[in-house]
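Between the sequences and the hints, there should be enough to build the whole structure, so can you do that?
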Amino acid sequence: MIEFIDVSKTYPNGFQGLKKINLKIEKGEFVVIVGLSGAGKSTLLRSINKLNEITDGEILIDGISITDATGADLRRIRRDIGMIFQNFNLVKRSTVLRNVLSGRVGYHSTWRTIFGLFPKEDENLAFDALERVNILDKAYTRADQLSGGQQQRVSIARALAQEAKIILADEPVASLDPLTTKQVMDDLQRINQELGITTIVNLHHVELAKEYATRIIGMRAGEVVFDGPAAKADDETFAEIYGQGIKESGLLGESVS
Amino acid sequence: MNPEQKRTIPPSPSKIKGYITAILFIILIWGSSVKTESSIGEFIVGFPNIMDLLGQMFPPNWGYFNNITDAMLETIRMAVIGTTFGAILSIPVTLFSASNLVQNAWIFYPVRFILNLIRTIPDLLLAAIFVAIFGLGSLPGILSLTVFSIGIIAKLTYEAIESIDQGPLEAMTAVGANKIQLIVFGVIPQVLAYFISYILYTFEINVRAAAVLGLVGAGGIGLFYNKTLGFLEYDKASSIILYTLVVVLFIDFISTKLREKLI
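Going down the list, the sequences are from chains F and X.
So in the numbering used here, spot 75 of the first sequence is number 75, and the numbers just go up one at a time.
Count along the second sequence from 1, add 1000, and you get the number used in the numbering used here.
Hints listed in this document are in silico derivations from the structure and should not be mistaken for laboratory results.
Glycine included, every Cβ here is placed at the ideal spot set by N, Cα and C.
Accuracy of the hints is not assured; some may be wrong.
[Stated by the list, open to error] Okay, the calculated bits of chain X under chain F, using three or more residues with CB under 8 Å as the criterion:
| id | stretch |
| --- | --- |
| 1 | 1167 to 1176 |
| 2 | 1187 to 1200 |
[To be verified] Distance windows between CB atoms, simulated:
| id | chain 1 | residue 1 | chain 2 | residue 2 | range |
| --- | --- | --- | --- | --- | --- |
| 3 | F | Gly116 | X | Thr1036 | 58 to 64 Å |
| 4 | X | Tyr1109 | F | Pro12 | 20 to 26 Å |
| 5 | X | Lys1035 | F | Pro12 | 52 to 58 Å |
| 6 | X | Arg1077 | F | Ser147 | 47 to 53 Å |
| 7 | X | Ala1193 | F | Gln193 | 40 to 46 Å |
| 8 | X | Lys1017 | F | Thr141 | 54 to 60 Å |
| 9 | F | Glu223 | X | Lys1006 | 56 to 62 Å |
| 10 | X | Leu1258 | F | Tyr11 | 45 to 51 Å |
Structure below.
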């Protein structure tokens, strides 16, 4: 369970990225956060694994405060949280397998990982993860040889190999075409349903949010303006989140693939 | 365009800046030549000496090649050892100079300052200092090449590190990697090819540098330049020069080919 308690983030220039956020995300939920660019979606997501520091309040992961955690404690918490980025963030010159195995480093001593001495079980975990996202045959290919959609699946496999309890995905499909978008979102959904991994995704796309989310959180100017099941989010809701502009732009009627 | 419309041509920018630059440049050249007491006339008077010297250098003493092969091999060995130690020692220096790895400016600026200091010392001067400490031989030569290599390799590599894709580092932070794991998995794969390429490049420079270190008694083929030139044996000197040229060209060629393959 992830708990936000009065979380605020003020940037050094005085801009308020997050304003007194209070949220509870239960285990196994598939949450999609929607909102305009700059509404604080990324800040919110990245504060969960402390890639962004918050300036006020506290975030608890399964009852343990990540806000107060530092050093080895912080790394232990991060080990359980997989992250998927818009630009995949793979090491392009390394093989797919090594990229996936890099998700395991938190489990072993520094010396062991320096020499790449991962135990057999870890390699099996990596292969399982690759199989789950249908990319096992590319295990020994260099990451830069893959297409964007394949690279994103490798980064999902990395999160799986990590045995993450939570997956955070920051605009995971923003640089993908509609077809690969669907594949990647399907992968995330399947993993969420089969393994019960709590999944939190930032999306631009309203239609995708409605299709995949069990719960939608709408953000506007650093505040949560909607929080409820996907079924309850209608056009009025999105108009509220995005401002009135969205109705005229016809964005609501657009669909994927 | 409407011809009746009056065009307003902006005034051309003043040329005075260009003139002043040209005048200052000429004064600088002229002043330097006067102060060093060198003139074109002197060059013309001395010119026949060049032909004279070249005449004495030709034909090279081919038999001398046998005498200097050991020294040539020593030169190459010095370059190999110096570059290798320099490369190993440059790794920690590199990591502490990269501002994206060490966020603390109190660490990376001083390290870079020392690095710049090392690079300002000419290799021949370094060799002279080490000869004064350790005595004649190839050891001071190797030490000076080591220090010299650190300057080049560390500088080029930390700049390569600063230009890598930050994404994988963020991803490694997110999976709970510590600093060393982040470097091993996020940084090294991205810069390894560059690092090796810079080592090869430094090796090329070091072979050339090692060839003259003998002038200050730091071992290698340079010792023989000193000897033959001192005894006015220009035919032998020219064979050393030719030999050095062939070896350096050969090593440069191999190294350049290897570097092309790397990047």
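Now for the hints, and whether the structure bears them out:
no.: 1; hint: 1167 to 1176; verdict: holds (count 9)
no.: 2; hint: 1187 to 1200; verdict: holds (count 4)
no.: 3; hint: F:Gly116 to X:Thr1036: 58 to 64 Å; verdict: holds (59 Å)
no.: 4; hint: X:Tyr1109 to F:Pro12: 20 to 26 Å; verdict: holds (22 Å)
no.: 5; hint: X:Lys1035 to F:Pro12: 52 to 58 Å; verdict: holds (54 Å)
no.: 6; hint: X:Arg1077 to F:Ser147: 47 to 53 Å; verdict: holds (49 Å)
no.: 7; hint: X:Ala1193 to F:Gln193: 40 to 46 Å; verdict: holds (42 Å)
no.: 8; hint: X:Lys1017 to F:Thr141: 54 to 60 Å; verdict: holds (57 Å)
no.: 9; hint: F:Glu223 to X:Lys1006: 56 to 62 Å; verdict: holds (58 Å)
no.: 10; hint: X:Leu1258 to F:Tyr11: 45 to 51 Å; verdict: holds (48 Å)
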